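Chains as they are written, first to last, in this note's numbering: chain S, 1 to 123; chain A, 1 to 231.
Calculated from the structure, these hints are not laboratory results.
Remember, it's a predicted structure, so these values are computed and weren't measured experimentally.
Please note that a few of the clues may not be correct.
Some chain S residues judged to face chain A by a derived CB distance under 7 Å, without partners named [stated by the list, open to error]:
hint, residue
1, P61
2, D78
3, P79
4, L99
So these bits of chain A aren't anywhere near chain S, every CB distance computed over 12 Å [claimed, not checked]:
hint, residue
5, S40
6, V68
7, V78
8, L141
9, H153
10, P190
Cβ pair distances, simulated, as ranges [stated by the list, open to error]:
hint, chain 1, residue 1, chain 2, residue 2, range
11, A, P125, S, K64, 42 to 50 Å
12, S, R21, A, V166, 39 to 47 Å
13, S, S58, A, P33, 47 to 55 Å
14, S, R21, A, D146, 18 to 26 Å
All residues carry an ideal CB built from backbone N, CA and C; glycine is no exception.
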Amino acid sequence: MLVLIGGILLVIIGIWAMLARKNIIRIVIGFSIVDTGIHLIIVAVGYIQNATAPIIDSAVPFEKTATDGIKLASKVVDPVPSALVLTAIVIGLAVTALLLSFTIRLFKVNGSLNIDDYEELKW
Amino acid sequence: MIKYLLVFVAIIGVAVMFYPLVEDFGRSTELHPLAQDYVSGSVTDLNMPNSVTAVVVTYRGLDTLGEVTVLFLATAGVGFLLSRKNRIVAVKRHGSEFLKTGASFLSPLIIIFGVYIFTHGHLSPGGGFQGGVVVASAILLMVLADLSFTFSHGLLHFSESLSGAVYVLLGLLGVILIGADSFLDPRYLPMGVYLSLFSSGAVPLIYSFIGIKVGAELSSIIDSLHEEGGD
């Protein structure tokens, strides 16, 4: 619950940073904060009370049941959100690098990091 | 003034959007049936302790292929925006001898640790993505300690494209050897002994190639940003 609320707060802070700040680098930092918040939300959704990591080795004994399944000695958390987050962290890193290199390119062409100086896309 | 009001409205909108999630957040005590199926399937069908790896490599393997493609696109975008000129970076102040020796002592160890993480991804917490990031962090350490450090672009691009191609080929082997609906099914190799390194079919192979690909792509991002930061 705490993790979920913390993640939502991070998303809100990041969206505020993306909308209200003028400096492009701060906007990229806002994007990064939103990314982290979303990871926290996804992990919090997959949490099961008093459960351990879904790695079935000697720490989590199991026995096979008749219906082709297994019965675990202790509870494990949902593996799907963990799998989603572990790829999303690496993708987030690469996308942040892409945004920063776009920023470098903009600065080289126009010599400004202020978002108000780029009026081509303004309506 | 009106702008800050709009920003405020947008933030309130996001908070309202997320409110049902907080309200419905039941303290779940039982695993979802699908997740239960994945956990028991990873032990009974795939002979693999780590069910997160089972989901990443096998059950949702097509998603992982898509994620690797997104990573490749982001890397290609960085390389396109920061055009490489292969110029020598002008170093204003060299790192000390201690720093350089320490970094060149640690980097091979960090790379070996990364390889360990991605070859043991089916047994312990870890896997191709994490191991690849650790390998790239060794490259970052070398670049930070010695700014004139360069490495072969040809080797980077070769290992990147080779591992991507081998990843798809290993997936296609499932289609050839098992059946038409078995893309990325790792069960064409022997299952091995539970909790041993050579177990759970082709999963360690597939995850190793994912690790090499992620490591090469992140190193290539570091390389682009490094060559850009010369002036």
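To see whether the hints hold, each was checked on the structure:
1. Nearest Cβ of chain A to the Cβ of P61(S): about 11 Å, over the 7 Å cut. The hint is violated.
2. Interface restraint check for D78(S): the shortest CB-CB distance to chain A comes to about 4 Å, inside 7 Å, so the restraint holds.
3. Residue-level restraint check for P79(S) holds (minimum Cβ-Cβ distance to chain A is 4 Å; threshold 7 Å).
4. Violation of the interface hint for L99(S) is found here, the shortest Cβ-Cβ separation to chain A being roughly 9 Å, above the 7 Å cut-off.
5. Not every CB of chain S lies more than 12 Å from the CB of S40(A), the least distance being 4 Å, so the non-interface label is violated.
6. Annotated as non-interface, V68(A) brings its C-beta within 12 Å of a C-beta of chain S; the closest such distance is 9 Å.
7. Some Cβ of chain S comes within 12 Å of the Cβ of V78(A); the nearest lies about 5 Å off, and the non-interface call is violated.
8. With 12 Å as the threshold on Cβ separation, the claim that L141(A) sits away from chain S holds: the shortest Cβ distance comes to roughly 16 Å.
9. With a cut of 12 Å on Cβ distances, H153(A) stays outside the contact zone with chain S, its closest approach being about 17 Å.
10. The Cβ of P190(A) lies farther than 12 Å from every Cβ of chain S, with a closest approach of about 20 Å, so its non-interface assignment holds.
11. The given range of 42 to 50 Å is broken by P125(A) and K64(S), whose C-beta atoms sit roughly 24 Å from each other.
12. Against the hinted window of 39 to 47 Å, the Cβ-Cβ separation of R21(S) and V166(A) comes to about 43 Å, which satisfies the hint.
13. For S58(S) and P33(A), the hinted distance range of 47 to 55 Å is not satisfied, since their beta carbons lie about 26 Å from each other.
14. For the pair R21(S) and D146(A), the supplied restraint of 18 to 26 Å is violated, since their beta-carbon distance comes to about 35 Å.
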